[in-house]
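Full structure from sequences and hints, please.
Protein chains: 4
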Amino acid sequence: MPPAHPFDDDKLHEECGIFGVLGVQDAANFVALGLHALQHRGQEAGGIVSHDPEQGFNSARRFGYVRDNFTSTDIMETLPGPLAIGHVRYSTAGSKGQTAIRDVQPFFGEFSMGGAAIAHNGNITNANALRRELIERGSIFQSSSDSECIIHLMARSLQRDIPARMEDALRRVEGAFSVVAMTRTKLIGVRDALGVRPLVLGRIGPEENSGWVLSSETCALDIIGAEFVREIEPGEMVVISQETGVESRRPFRQKKPRFCIFEQVYFSRPDSILGGRSVYETRRQIGVELAREAPVEADLVCPVPDSGTPAAIGFAHESGIPYGMGIIRNQYMGRTFIEPTEQIRNMGVRLKLNVNRALIRGKRVILVDDSVVRGTTSRKIKEMILDAGAAEVHFRIASPPTAWPCFYGVDTPQREKLLAATMSEDEMRDFLGVDSLKFISLDGLYRAAGEAGGRNNSCPQYCDACFSGEYPVEPADMIEKGFKLKTAAE
Amino acid sequence: MPPAHPFDDDKLHEECGIFGVLGVQDAANFVALGLHALQHRGQEAGGIVSHDPEQGFNSARRFGYVRDNFTSTDIMETLPGPLAIGHVRYSTAGSKGQTAIRDVQPFFGEFSMGGAAIAHNGNITNANALRRELIERGSIFQSSSDSECIIHLMARSLQRDIPARMEDALRRVEGAFSVVAMTRTKLIGVRDALGVRPLVLGRIGPEENSGWVLSSETCALDIIGAEFVREIEPGEMVVISQETGVESRRPFRQKKPRFCIFEQVYFSRPDSILGGRSVYETRRQIGVELAREAPVEADLVCPVPDSGTPAAIGFAHESGIPYGMGIIRNQYMGRTFIEPTEQIRNMGVRLKLNVNRALIRGKRVILVDDSVVRGTTSRKIKEMILDAGAAEVHFRIASPPTAWPCFYGVDTPQREKLLAATMSEDEMRDFLGVDSLKFISLDGLYRAAGEAGGRNNSCPQYCDACFSGEYPVEPADMIEKGFKLKTAAE
Amino acid sequence: MPPAHPFDDDKLHEECGIFGVLGVQDAANFVALGLHALQHRGQEAGGIVSHDPEQGFNSARRFGYVRDNFTSTDIMETLPGPLAIGHVRYSTAGSKGQTAIRDVQPFFGEFSMGGAAIAHNGNITNANALRRELIERGSIFQSSSDSECIIHLMARSLQRDIPARMEDALRRVEGAFSVVAMTRTKLIGVRDALGVRPLVLGRIGPEENSGWVLSSETCALDIIGAEFVREIEPGEMVVISQETGVESRRPFRQKKPRFCIFEQVYFSRPDSILGGRSVYETRRQIGVELAREAPVEADLVCPVPDSGTPAAIGFAHESGIPYGMGIIRNQYMGRTFIEPTEQIRNMGVRLKLNVNRALIRGKRVILVDDSVVRGTTSRKIKEMILDAGAAEVHFRIASPPTAWPCFYGVDTPQREKLLAATMSEDEMRDFLGVDSLKFISLDGLYRAAGEAGGRNNSCPQYCDACFSGEYPVEPADMIEKGFKLKTAAE
Amino acid sequence: MPPAHPFDDDKLHEECGIFGVLGVQDAANFVALGLHALQHRGQEAGGIVSHDPEQGFNSARRFGYVRDNFTSTDIMETLPGPLAIGHVRYSTAGSKGQTAIRDVQPFFGEFSMGGAAIAHNGNITNANALRRELIERGSIFQSSSDSECIIHLMARSLQRDIPARMEDALRRVEGAFSVVAMTRTKLIGVRDALGVRPLVLGRIGPEENSGWVLSSETCALDIIGAEFVREIEPGEMVVISQETGVESRRPFRQKKPRFCIFEQVYFSRPDSILGGRSVYETRRQIGVELAREAPVEADLVCPVPDSGTPAAIGFAHESGIPYGMGIIRNQYMGRTFIEPTEQIRNMGVRLKLNVNRALIRGKRVILVDDSVVRGTTSRKIKEMILDAGAAEVHFRIASPPTAWPCFYGVDTPQREKLLAATMSEDEMRDFLGVDSLKFISLDGLYRAAGEAGGRNNSCPQYCDACFSGEYPVEPADMIEKGFKLKTAAE
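Protein chains in written order, with numbering that gives the first Met the number 0: chain H, 0 to 489; chain L, 0 to 489; chain X, 0 to 489; chain B, 0 to 489.
Hints in this document: simulated from the structure, not taken from any laboratory.
All of these numbers come straight from a predicted model, not from anything done at the bench.
The beta-carbon is built from N, C-alpha and C at its ideal position, and this holds for glycine as well.
Each hint should be verified, as a subset may be incorrect.
[What the hints assert, rightly or not] Heads up, simulated DSBU-like pairs for lysine-lysine below, C-alpha to C-alpha not over 30 Å straight-line:
1) L:K351 to L:K379
2) X:K351 to B:K10
3) X:K10 to B:K351
4) H:K437 to H:K379
5) H:K379 to H:K10
6) H:K351 to L:K10
7) L:K351 to H:K351
8) L:K379 to L:K437
9) B:K351 to B:K10
10) B:K10 to B:K379
11) L:K351 to H:K10
12) L:K483 to L:K437
13) X:K351 to B:K351
[Claimed, not checked] Listed next, the stretches of chain X that the computed footprint assigns to chain B, with coverage defined by at least 3 CB atoms under 8 Å from CB atoms of chain B:
14) 112 to 121
15) 146 to 157
16) 351 to 360
What follows is the structure, given as structure tokens:
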């Protein structure tokens, strides 16, 4: 496995997408399609587990894209049956930089009452302590993944059926998670009490004979022609079988929801519906808010492709400044590319992006991007734009400064690598060398996301820890490793 | 090799991209980057030949993307030296549907005065006759490619040096072609007398020690930081060496240039400069012309991604109707995908495109696309848009009706498969089932391409055979196979 | 993974070879060499685990030959450190006929006091019961291998150090086993109380700085230049560290040893020393005994290559009949071969063996083979010999009739597939269609193996269950599945 | 492609095996089997070309063993039809040490009257001159193989049918060659006028509907159940079609045959019949002659496996000294193995061979080997035998000293690397450090090969240039490169 491309590392990355289907023939085919639609949530590896009444559980786990691994008849024929779940993941490996295939989900466990497979999106913040305890009691871990704790907790539960064992297990788990799981006959979906990560329910097929779908996002319902039913609620567990339909349980103490606001800004696909709102519309509205909060005289509004596009459209519309494609993305950019010589390594971001010189030359350009993480890519883009003869370069960022790492299932650099953790907005502007730099305000972001009154600071409507440093669940493992929470002074 | 994706077959496809570099260390690395930037001109296979004074000629030819094949140090170290050329190709194989690796260019020939390699973009319209003649005289063909004729003609030339042999060879060849070739010390570029296919010259590196670049498009100069010098002129051959620089020859009888107008509409990348004009600007201007020629009351202008985007921006700007992303492209779509069941096969284009339902619902939508070939994809897109609740669907097409196949290096279906060959505009509208359908006029297209007076019908400024049926070079091989030219009556 | 070749299935197959090294730089390299020398004990897959003080535990597991998998620097560099163990295995999978990579040993477990890896040769006869019990208590099994029970039993032991936990675990295990295991600093070897499977101890390197080796056979000491020290004794556990050397423990109740006599006949390599005796010499002596027990007038003694060769040499020497290579083995036979048409399928064993016609023609031929299992190959060889013009064909078999399956780590067909389970010697002769057929007597075999007085029937010196049906350890799992032990009447 | 194993390089290597079949369904399957039986003649790569009336010519060429490449239905189904030829080759590449796939035969050429494919065993001694001439006239070579000259000479012939063109071509060619070729309907076999390399004719299938086979050796007839008909005679060309059967032509001036005597000593398989004599019997007889020419008192005769075995059997029989397997070969040795550290590299030949210590200890051992080339392996074997405690080591070599390179299709080191080119027999004995060393005399070898009167020095019955330095065809290309023929003084 080659390392992820260096020019992609200047983004936050969602770590996982999950998908499950019950009640259609060859369910694994639908899962493959769903995972393909969720590929933006994890490009490193994917896995599918299926169950067939005659052939039992089967699984396949592979590194690489869904389209390359789960497309051949050879593979798909090994995954028969009307029930299947799947998972795509992004590498979050540390110094070694590489995931082993045994870390690729779904995880499977054989219990005395039968097998179960689970796929997990999120992060368990007390995984280290749980793991120590389980090993002490004689569990053998096969992966380095935190998610494996869940299956061991289930194995040790004294409950008689698997959904009840999963309730037992998830009550021991802290953090943010959405889970899709399966037994021989049931499809199960769970969201943590805060509902940080998304999970939706859909139906597929003709009414008289329809099946059920669980998915991280609605865009993956569309690809298989499934109908959106509703979101799984924060703190809800749904246990679905062909016979009894959807049974809703509430295993956790109720809390006020804190959905991840960065899903709105960047992670989710623009054609998904989150919390009843179009992601595309929220992003376009962020552009509108930005144009109001931070207007500037200019000749052209350009998105940094592709994630800045909806906000740029909103900014251009609100400001009346023409919209244009000043930066062209290479469609054939994969995860890797040649960098054999110093000479070539320096050309960096050009492998992925090229400036539309004829359009840029002589113009005052507003560049709209979704976020600034390390700032490395932003600097290179600015240089390309100036090299192409722009008269002025103004950055407008569709999120507040990202000053804190996320511990809830998002791959973020250490805090000291985040530009906004060490610099003020003005310092960042000087560091990037642009004529102006403005981030949307936290209130503006909340307004764009539909909270007309802005952020409720005493009880925020979203998890915005990456901007605010206010962590709704204590990141116990990270504190053990030395992470310092925000102090009163900050 | 998997077959190309069925949902891509509703486009015309450029068949090749060519690139060459002389005078920089490890030239093959630059060629790999250049080919990566030209990948849109051919995704099936690629090849590079390099020459090093000590290690002689070396070559590597592979199926698949440049980024997957020419990125490892393992491969690139086998291609040393300061001189290299490369080629990317799109499959145009017939019934067998598959190219052999021996058909992948560049082709290499060893002559008594040394070796030469050539890479060819275009099509030789008298290849069948040439091939028969050469075999009769004792040449052994190794590939099924028409381009191999050139190397055999060179081998039989009585000239003493390789560039002169190439002149001899190309004077026997009819059709449309741009060629990049190399000897042990020289980089050679040629365009046919009409200049149908593009080829540009660039410089790379510091002035005191700069190297030379030949490329199908300027966007591939940008990726390696090369400076655009000029286009190779129609009918020109340039012979470049480190010692003597660029020598210009004129091997062919002079003709009036007929550059391919479809390069402006679709083939070339929007960030390239063709004939002194920005491709992006031409396309945006097509949208402006379309809005003038075929206005319609509507709520939203949506591009069919990604090729319809610049024209949609121009249409929105000119018409004042808001621009929005009504269709979202899956970024992880490769050349292949699973279609194991009838059930899934029917979902078709959804694998690649999804409708942004929240944006579309209830709106009168103008869809801007670059062209209509068979019409199969257009129908599916229309259905998706209506399923999402659009009130009206209006198609605006950024090219005239494509009614004739191209025989100059473009992969087109047989004439009877072209929707516009058998239907009028109104029939097509009914076939597609949309509220209105309008193509830009041929004159409008010429105006957008900078010809203020429109098309000079007595002596057209471009090759527009795919729209007009007027072929500037007789397609001899195809006529032999039964193709009927346009009659006076048509 | 292709299935094993059909023409190899007429042999019993040893299931595993194990090897471990402590105290030399890059121990994994030595393990790879040792496994290569033990490849005859298992060709399907191999694995190595190593430990390095700085880089911790690392492992690699692959299908196929050692020489193809553990030869590249790429792989071997991922297995650093002075301590490593390895395993080769033969597939014993049931109806699915295929092993998953997760079934490939060594198995690894992380305990609270650190990790351990184990490699196991043999078979656990109470594995089903153990597995049920462990799952009931919350263990998650990752493989379908019986050997995984050991690591889970270790995980649940209350002992404070790993060797003591292994003692605990192995006391729960019934069956025949030799085990090589490792912790971060210790190399561990164990043989079951009967000592059914072999295990030897060696030293490597200069005396002042020597390391330790554990191996299934002595031939694997030779390949790395290690010196044979002694056999691990039946019922012995050795715990070896660099600091304290070899510590010997006795975890099991003492029993009279019953070493597997088939190791002498076929499994072990002829250049190994087992129980102080040369395997080659034992086999040659079997030929001598056979010549005495079952003489016949003939012109030529031919081995069935390669396993019949030493006995054929002994038979020829004792009988005075010339020895010759009447059957030639194809050296390039792998595990698989083409059988696309009925026509070709019928040629069967010819792919592997060919008759030396010029030598055979007109002669009375004695064929010496090691064993008869199903008899299918023997019939084909007889036909080839007769086709080549032999006057007479006499089979002499270097083992008694194989009438019972082995449950101690050997892959044997079900009892009803064993020719000798359903036919008398005369019936087998007629079935094979040869002029005579004689097996060595059980007493003759014991004499050849050094027991001058033959078999001690009240207390046999070896495990010979495959010949006698007397199982020294009750095959509990198989009895549960319906296997019938020998009755008093048989 | 990994380099050949260093411990194999102390042998001469036959460069090629050829095989062809006409008149059976799916002829390519039979060719694959035949090539498998000829694998000892070339292990680096193999290729098959087939012709089917409907699907025309098809080909597949691969690096590696036949069993690994031409076994899957996937490949074999691409090679339909009743006519096919194939080729296996040993790498003879020079400094680069690697063959390109385009050098793998059969070669194919399309002529005006249809296509033809040829496979060639041997060496063209005037290839350089031919190649220069053909390039000068405009032929494009695609490989670095000398054999490609034949197809270009055919392309330029003025004859009207392909067999006649092949006659034209082969009359221009000097050297030693056997050729198998095919047109759309004909199978063709040719041997050069001296008949240096072997080629035999066989029939396959029932008499009323039989097909034809051409093969380098008879052992490959056996594997497909074909009947040996006769050898193709030196200087003969056979043109075979289903309609007309075998037509024999004599394209070359007649000469006295000089079959390669090393085929008898080492190259051919022992179960083949060459010139009416069993190869096994000739080799056994060499052992008998050696025992008479160079007797020595000893306790054991051991073959160096596997090529020394027949001569060792003959030596033991004639001398009355017991025969035994003192050296055991690892059956799983492939072409490559790990040599990551100096430490391991030194163990050398142990990877492939191990001494049977128990047998050797204290004995006076006669080692019988087929030849001594560089002497490197012989030294290592001697050391292993002495380390194992042998009292004396006597080498007996089943061929005369190899003092000259072969230029007729055999891979030999440069002359100065041949031990016998620079040392006398006594010097070699001292170099190897053995108690005695004796080679069979040239006369003894001829007697064993059936020439009762020994070698006819005025007109030798065989080509024995590697021993005698008397080259029956002038090695023109090598003389051009500086090779010195034997002088009168030598």
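Open item on the list: Run through the hints listed earlier and report the numbers of any the structure violates, in increasing order.
Closed with: Of the numbered hints, 14 and 15 do not hold.
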